[in-house]
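Engineer: Here are the chains, one letter per residue:
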Amino acid sequence: MDRPRHQGMAKNTNLRWRLPLVCLLWEVAMIVLFGVFVRFGAEADAHWEEEKREMNLTSDMENDFYFRYPSFQDVHVMIFVGFGFLMTFLKRYGFGAVGFNFLLAAFGIQWALLMQGWFHSFKDGKILIGVENLINADFCVGSVCIAFGAILGKTSPIQLLVMTLFQVTLFSVNEYILLNLLHVKDAGGSMTIHTFGAYFGLTVTRVLYRPNLEQSKDKQGSVYHSDLFAMIGTLYLWMYWPSFNSAISDHGDAQHRSAINTYCSLAACVLTTMAFSSMLQKKGKLDMVHIQNATLAGGVAVGTSAEMMLTPYGSLIVGSISGIVSTVGYVYFTPFLESRLHIQDTCGIHNLHAMPGLIGGIVGAITAAAATEDVYGKEGFIKAFDFTGVYQRRTPSIQGGFQAAGIVVSLLMAFAGGAIVGAILKLPIWGDAAAEKCFEDDIYWEVPEDEESDVYRMHSPDKPASP
Amino acid sequence: MDRPRHQGMAKNTNLRWRLPLVCLLWEVAMIVLFGVFVRFGAEADAHWEEEKREMNLTSDMENDFYFRYPSFQDVHVMIFVGFGFLMTFLKRYGFGAVGFNFLLAAFGIQWALLMQGWFHSFKDGKILIGVENLINADFCVGSVCIAFGAILGKTSPIQLLVMTLFQVTLFSVNEYILLNLLHVKDAGGSMTIHTFGAYFGLTVTRVLYRPNLEQSKDKQGSVYHSDLFAMIGTLYLWMYWPSFNSAISDHGDAQHRSAINTYCSLAACVLTTMAFSSMLQKKGKLDMVHIQNATLAGGVAVGTSAEMMLTPYGSLIVGSISGIVSTVGYVYFTPFLESRLHIQDTCGIHNLHAMPGLIGGIVGAITAAAATEDVYGKEGFIKAFDFTGVYQRRTPSIQGGFQAAGIVVSLLMAFAGGAIVGAILKLPIWGDAAAEKCFEDDIYWEVPEDEESDVYRMHSPDKPASP
Amino acid sequence: MDRPRHQGMAKNTNLRWRLPLVCLLWEVAMIVLFGVFVRFGAEADAHWEEEKREMNLTSDMENDFYFRYPSFQDVHVMIFVGFGFLMTFLKRYGFGAVGFNFLLAAFGIQWALLMQGWFHSFKDGKILIGVENLINADFCVGSVCIAFGAILGKTSPIQLLVMTLFQVTLFSVNEYILLNLLHVKDAGGSMTIHTFGAYFGLTVTRVLYRPNLEQSKDKQGSVYHSDLFAMIGTLYLWMYWPSFNSAISDHGDAQHRSAINTYCSLAACVLTTMAFSSMLQKKGKLDMVHIQNATLAGGVAVGTSAEMMLTPYGSLIVGSISGIVSTVGYVYFTPFLESRLHIQDTCGIHNLHAMPGLIGGIVGAITAAAATEDVYGKEGFIKAFDFTGVYQRRTPSIQGGFQAAGIVVSLLMAFAGGAIVGAILKLPIWGDAAAEKCFEDDIYWEVPEDEESDVYRMHSPDKPASP
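Sequence order for the protein chains is A, B and C.
With full-length UniProt numbering, the residue at position 70 of the first sequence is 70, and numbering never jumps.
With full-length UniProt numbering, the residue at position 58 of the second sequence is 58, and numbering never jumps.
With full-length UniProt numbering, the residue at position 159 of the third sequence is 159, and numbering never jumps.
For the record, the hints were derived by calculation from the structure and aren't laboratory data.
Check before you lean on any hint, since a few could be wrong.
Copies of the same chain look alike in the list, so a pair counts if it fits in one copy or across any two.
Under the rule of at most 25 Å between Cα atoms (straight-line distance), these lysine to any residue pairs were calculated in the SDA-like manner [as the list claims (entries may be wrong)]:
hint: 1; residue 1: Lys282; residue 2: Ile362
hint: 2; residue 1: Lys285; residue 2: Asn12
hint: 3; residue 1: Lys217; residue 2: Val331
hint: 4; residue 1: Lys52; residue 2: Phe122
hint: 5; residue 1: Lys11; residue 2: Leu411
hint: 6; residue 1: Lys11; residue 2: Phe333
hint: 7; residue 1: Lys285; residue 2: Glu446
hint: 8; residue 1: Lys52; residue 2: Ser121
hint: 9; residue 1: Lys426; residue 2: Ile158
hint: 10; residue 1: Lys126; residue 2: Arg39
hint: 11; residue 1: Lys52; residue 2: Val375
hint: 12; residue 1: Lys283; residue 2: Ser216
hint: 13; residue 1: Lys282; residue 2: Pro428
hint: 14; residue 1: Lys11; residue 2: Asp287
hint: 15; residue 1: Lys383; residue 2: Tyr66
hint: 16; residue 1: Lys219; residue 2: Val447
hint: 17; residue 1: Lys52; residue 2: Ile382
hint: 18; residue 1: Lys52; residue 2: His251
hint: 19; residue 1: Lys285; residue 2: Val325
hint: 20; residue 1: Lys282; residue 2: Glu440
hint: 21; residue 1: Lys219; residue 2: Pro448
hint: 22; residue 1: Lys383; residue 2: Thr58
hint: 23; residue 1: Lys426; residue 2: Trp17
hint: 24; residue 1: Lys217; residue 2: Val447
hint: 25; residue 1: Lys285; residue 2: Arg18
hint: 26; residue 1: Lys52; residue 2: Ala29
hint: 27; residue 1: Lys285; residue 2: Phe333
Let the sequences and hints guide you as you build the complete structure.
Structural biologist: Laid out in structure tokens, this is it:
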């Protein structure tokens, strides 16, 4: 199977001992750390009966579970089915797309519960978790799934696990800086999840640049049914994005408003994506790559501002613009990034997450800076931006400045972190494949000898037709 | 690519300027109209803190978001994944099925928020929206997705957008007449969504009759995996239908009851569909077309009565009958409609929505007419039918009469509207394809040159075997 | 089509009259029994307005619908999409997997509403149903879906309906013994659903042993895209399992805790499954069979204990172990069971449900036996185990003993019931196929003559290449 002619040496992609070692080592570490640190929060603990009285709650019906869990499940679907299937568009990398996304997300949520727990839910030496922690862990892993999109098909599962370990760590630090030190609002994660995740991933793929990648060019496309599988991912991301952006907003009107703004932005985004997809092709045909990806930019671009008083028409404007930017990005920027900047971005996360994420951060800063007591109401104003305690004297324009600072911090963290992690992943010990073997499930998966691959072989120039 | 021998002239299906123009024009119109009219309702507005006190609510936990949003998300999945994937059964029209459904629904929900808003949520010159408006917008678009089923594969995306514009408008007018003027109950939309949507679509496809459609007969079938993709749509529609029928019912027992009735009706429907699917084939084999569609008739047929005291066994009876009617329809009525009435109904919406919708309207009228204070309780009776204010003197039998009138109005609106809109869609400017090019994604989509289509070509009589 | 050379007689698989007869007969029976017995429970009844006052509820918002329905919908998806698509992995049995699962589940939930209703919701001669009954009916059917996994591809739909009738009956009896007589806790059904369902199915498939099954060996594998369809099932089961295990837990902390424990267990399970899948293959490649199935063992294995104070790290440990056991089972036990014990287990339910179910029962017994007032709080302790009334004097260790007894009872019911039902299914009247026709949709379904099957024929030794 190994044909080392294009490389100085044959790459060893047999992970028989390395992958199990990493998986088991890390799971043992998780068990030990969870044993030392993680306990149920009050509302998930059997002591709740006593605590409830202290918290002045009158019934089990007021448990936060009932106000967060439906949104949590929607987010959960986005991470595992949404991202997983969105990446199945490649003709022979569906197992890797769904399977490795499953692996890294399952590990990532455990590590995220710890990292985010230490920063946000640490009390008397214990991390106390509840449904909100589960949502945040999924969010954190979302940024890793985004980065995975840039390096899809070019990395081994071990590299993905190593990247997940570091990226979750950096995500949590960045999030802590933004939310706690800068007191920035970012409920849907335009900055913390999308901008950070995408530029992190783009930096990693830049460091891992493969000059000979055109050797696997025939496998970088889709087939008819792989494009339909990808649409499952697209639609679940699109439909549940209102839940994503509202999942950890304040209860009540903020959560309600986040869902509406996101719904509007996404609807508008579909129309401008279709318009530009058709307009930018000579024959006016629609391109599935755009429909699968750019239609989602509207969700990213209102990630920061959805819980603010962006208003429905503001959401339509933001969604419209982000659909255009994203589609134009697929047509013009992605080839440019690859040829000039040597950034090989398999899924085009620069168009779906990076640029819309920046738009989201900027829109959030502007919306915050433009806030007035008239628009939010006296109490609503204070509540929406949490201008209490030490932040009592923040004005909207100062808040807008801090929001903008949050974008810059996220970018810096992404570039620095991505460069370091990229360098680590470049070590020749992780079992990645040679360039001509990329985008091919056969390397890491037992692939059925099915009719399809027979036909595939028939039409593939350098393989014999018989099995 | 164009072979104009069967038609007087070659049809121009290049939409490079037309589709973008329509999409962008309409999105700009949406932005302007939303800017002028649409604002957040009280429970989504930051002023909520003040309004809450006026409404005598004690906490953010009582926000309607928590009582409607899970149902909304289920309905959302039905519209985008349910309808979208249900229509992927055609062997070479999966992109169009999922993609055009996505396009028209994304546009439709924006226009529906406006149209329904003007009729139902207009206050002091503004449309005030909340989660219930999102559900209603999805419902309205559901009727367009149904009509799309009749013309699937035979129309251009521009035609679909034009149809959506008109159909949403007419839907809203019809809904206003039924709910507000006739004071009819129709929570699950047997009349407003299914009867209206299906007969509208059937009228449109009648007007657009294509005499030479047998030229694309080889593409009107399914392939093995396209039938499995369609089952994703079927199952999501089936599973979430209890949410559909209960989504906008009154809080409490009405919503609870709607879900139970729908669950029962759908379960029964599966058994009678399977029975008749097997019975009506010479070899007793099951037909995927029936399983994909007729199993859903039970949801349609309790759309009006689900929130009434239909009772679980009543639901089983209605579900059983509708499964039989729908399956028989696929075997006998669809060919008849095509050959005799020149109604080319791609997905068989006459069997899945039109007939079961009529059954639903009739069952609703009977159930309403049979209501007694004994069955509903004194308070429950008034609450269930909202017999307050000017409707204080309505008796059940009068209500039954008005329910029946609702069916007739919906039918008239559908026929008249469908005829006019069909005539508009017949104009030769919308970029629809010639008959021999129907049911083929290649016209409006960049389709990957994959192995499958190679094989397809191999077996297709009039195409060369080599790519 | 029938080539009876390998069997003494040609099997008649034409179900034209038999399948409709069974379906219609049973649906009529359901209608009659529902008519006699089933009514709406208080919270779904229009009389609720009056009853609410008696129950001292202040508003419609406290209707149990709002606290159970989102979980119900997740469970519903698991039963119909989860189990249905998980079984589509076979190359030519996707219609049967999804379609027969749909059929048996739709029938099963009706019969389960009755059986479980008589045991648990019977009052004044009527079964009063609400959303919790719907969840329990889905649960009960889950055990039938599990058993279906063992006999997938080898039985006729009539056999499946007969099995469903008996298995639902036995399930309900077993559940009554465990929950009511032994006062055992089993919210996620490790014992009642998984252990019972799996050993029942394994016993049935043992009785139905087919010595010539290797004649259809070429159809027992997957193709590339069928493995991706199966991953849809896997992921929905995995994502929604926290809802499954918490759906009928007590409101408040118990439900909250169940979700967290299950989330943790499943995450850990993915890592150990991946580790062992790679480790047990010579070339270190991952096997889709393991990823599709063993990753779910963690949900099964905390089914009993999830609502207890298992703690997050306890869940990680249980999940890790079950992933290992399940993967090892696929590699070593399944071949052993087939060759030595003549247990032909198509989907490997022994690895996914039987062994993890036993682990779940044992972990539950241990966790119960180890409970202290210190860990649960004084009130929480009594509430968690419902140590009230006649169970006031139960100690944790006695409870642990009863939990263990629950495992034994479930096993005995499964073996005895499976043997009897297997014997009934062996009767030559149900229309099952000959061994060489197994795992082939063509027997019971109209299958499209598509390119794929053409190619399939091309490579299949004993079929002509032309259609």
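Engineer: For each hint given before, does the structure comply? Return the numbers of the non-compliant ones in rising order.
Structural biologist: 1, 5, 6, 26
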